[in-house]
Amino acid sequence: GQNIDQPTEMTATEGAIVQINCTYQTSGFNGLFWYQQHAGEAPTFLSYNVLDGLEEKGRFSSFLSRSKGYSYLLLKELQMKDSASYLCAVQPGTYKYIFGTGTRLKVLA
Amino acid sequence: DAGITQSPRHKVTETGTPVTLRCHQTENHRYMYWYRQDPGHGLRLIHYSYGVKDTDKGEVSDGYSVSRSKTEDFLLTLESATSSQTSVYFCAISEGTVPYEQYFGPGTRLTVT
Chain C
60 GQNIDQPTEM TATEGAIVQI NCTYQTSGFN GLFWYQQHAG EAPTFLSYNV LDGLEEKGRF
120 SSFLSRSKGY SYLLLKELQM KDSASYLCAV QPGTYKYIFG TGTRLKVLA
Chain L
217 DAGITQSPRH KVTETGTPVT LRCHQTENHR YMYWYRQDPG HGLRLIHYSY GVKDTDKGEV
277 SDGYSVSRSK TEDFLLTLES ATSSQTSVYF CAISEGTVPY EQYFGPGTRL TVT
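So the sequence lines, in the order shown, correspond to chains C and L.
First residue of the first sequence: 60, per our numbering; consecutive thereafter.
First residue of the second sequence: 217, per our numbering; consecutive thereafter.
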């Protein structure tokens, strides 16, 4: 079967660093994605990893280890507006995407 | 922002009635998708399209059909709505080139009573 696991909920303090983990088991691998979704809104694209290593984009970084089926999203200098759900998704084939259930992040003042 | 609209944005319907949701894009992207999002399940793929009149099933396609007669429009039909189809439905588009990201529409909240 195909499966993506991520923690259901995390809490962190404004200004801190938080790491959201994602593990996956899929029949194929064409890339791993992270999306941000604020409550009541549509998901928006954050990052894409296809090769092992770290991709940095401003305050957000994403890491991938294909051999371990593992990724994480690192958020630095947390702001209140970062309170949202973070969705990990894998593209196992050309057209399809499989999403995890998402991690709800609460940022406290 | 990618030009994707969904209509209607909210709908309440009765069990057994047919329902059609529309996704419209102005980006000329080849790939279009329909997802449903439910608490505890995340986003689940219903159907997708890789070109005009080219569609295929996702993981939760039972009870749903789709049509794509033009590049810009992708329709999702619930032939006979059931309460288990109460959900938020998202349409997404993708250009099909690296980094293959998807752009999502604003969503349709469907309630079947």
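Please keep in mind that the hints were generated in silico from the structure rather than gathered at the bench.
Treat the hints loosely; a few may be bogus.
Stated by the list, open to error - The calculated SDA-like cross-link candidates involving lysine to any residue, where the alpha carbons are at most 25 Å apart (straight line), are:
#1 C/K155 x L/V314
#2 C/K127 x C/A101
#3 C/K155 x L/K269
#4 C/K140 x C/G60
#5 C/K155 x L/E311
#6 L/K273 x C/G60
#7 C/K155 x L/T231
#8 C/K155 x L/S223
#9 C/K155 x L/T302
#10 C/K155 x L/G232
#11 C/K155 x L/V304
#12 C/K155 x L/T287
#13 C/K155 x L/S281
#14 L/K227 x C/T70
#15 C/K165 x C/G60
#16 C/K155 x C/R118
#17 C/K155 x L/E230
#18 C/K140 x L/K227
#19 C/K155 x L/R260
Computed from a predicted structure; not experimentally measured.
Hint check results:
no.	hint	verdict
1	C/K155 x L/V314	holds, 14 Å
2	C/K127 x C/A101	violated, 30 Å
3	C/K155 x L/K269	holds, 17 Å
4	C/K140 x C/G60	violated, 36 Å
5	C/K155 x L/E311	holds, 13 Å
6	L/K273 x C/G60	holds, 17 Å
7	C/K155 x L/T231	violated, 30 Å
8	C/K155 x L/S223	holds, 24 Å
9	C/K155 x L/T302	holds, 23 Å
10	C/K155 x L/G232	violated, 30 Å
11	C/K155 x L/V304	holds, 19 Å
12	C/K155 x L/T287	holds, 19 Å
13	C/K155 x L/S281	holds, 17 Å
14	L/K227 x C/T70	violated, 34 Å
15	C/K165 x C/G60	violated, 31 Å
16	C/K155 x C/R118	violated, 29 Å
17	C/K155 x L/E230	violated, 31 Å
18	C/K140 x L/K227	violated, 30 Å
19	C/K155 x L/R260	holds, 11 Å
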